[in-house]
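Asks: Sequence:
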Amino acid sequence: MSIIHPSQTQNYIWENRWIAVAKSQFWQILFLAIGTGSTIIYPHAPLVAFGTIAGTTLNRKRAILLGLIVWLVNQLYGFLIRDYPRSLDAFAWGLIMGVGIILVTGFASIRPGFSRQQGFGHVLWIILAAIFGFVLYESLILLAFPVLTDGHSMGWNILQKLFVKNMIWTAGLGICHGLVLRLTTQFSAQQSS
1 MSIIHPSQTQ
11 NYIWENRWIA
21 VAKSQFWQIL
31 FLAIGTGSTI
41 IYPHAPLVAF
51 GTIAGTTLNR
61 KRAILLGLIV
71 WLVNQLYGFL
81 IRDYPRSLDA
91 FAWGLIMGVG
101 IILVTGFASI
111 RPGFSRQQGF
121 GHVLWIILAA
131 IFGFVLYESL
141 ILLAFPVLTD
151 GHSMGWNILQ
161 KLFVKNMIWT
171 AGLGICHGLV
181 LRLTTQFSAQ
191 QSS
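Numbering (our numbering), first residue to last: 1 to 193.
Read the hints as simulated data drawn from the structure, not as lab findings. Check the hints yourself; a few may be wrong.
To be verified - Estimated spans, in silico, between C-beta atoms of each pair:
#1 Val147 with Ile175: 33 to 41 Å
#2 Ile40 with Gly178: 19 to 27 Å
#3 Gly119 with Arg86: 39 to 47 Å
To be verified - In silico lysine-lysine, DSBU-like type, Cα no more than 30 Å apart, as pairs:
#4 Lys61 with Lys23
#5 Lys165 with Lys23
#6 Lys165 with Lys61
Just so we're clear, the structure is a prediction, and the values are computed from it rather than from any experiment. Quick reminder that beta carbons are idealized off the backbone N, C-alpha and C, glycines included.
Using the sequences plus the hints, can you model the full thing?
Replies: Structure below.
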């Protein structure tokens, strides 16, 4: 006879809650609404934050799809509303940003074992994935930068501002996901009683 430790039960409950939210249309629609709305606030959406949260809160396929939708809306808004230049350089930058969000999302969706067990591990993975995702994304940008400078400069002060912006957005999106997890748990408890 095997004895189930209370922590194993908690881990099982945590993972089931995560799966329920990951499959819920509510979280996906909320994520897309925030992601597309961010395009109105910033000319360049915090794609690292959206890739990180998509990868840590959804299954890989869905995460990449929703990340790409956020990127595509950002690009369409930029070229059609914000009047981005329709140049080869501008389209190349957009493509590089699209590849960047795919890489960040794919990395974040690894979800190592410790992130699947409890809320603390999940939050820790979000932090680690956001930091590594930022390095990955900006490394891709820096590789293309010498070829596609287009009159822009990139210094530590700009990278620092981008890092802070992406971490703030990651925290905000993570809090939204946590609230959806909590509401889902409360709703499930009410349904079962």
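Asks: Next, verify each hint and record whether it holds.
Replies: We went through each hint and held it up to the structure:
1. For Val147 and Ile175, the hinted distance range of 33 to 41 Å is satisfied, since their beta carbons lie about 38 Å from each other.
2. The hinted window of 19 to 27 Å between Ile40 and Gly178 holds, with their beta carbons roughly 24 Å apart.
3. Judged by the Cβ atoms, the range 39 to 47 Å given for Gly119 and Arg86 holds: they are separated by roughly 46 Å.
4. A distance of roughly 12 Å separates the Cα atoms of Lys61 and Lys23; the hinted pair therefore holds under the 30 Å criterion.
5. With a C-alpha separation of about 28 Å, the suggested pairing of Lys165 with Lys23 holds against the 30 Å cut-off.
6. With a CA separation close to 26 Å, the supplied pair Lys165 and Lys61 stays within the 30 Å bound.
Checked against the numbered hints given earlier, the structure satisfies every one of them.
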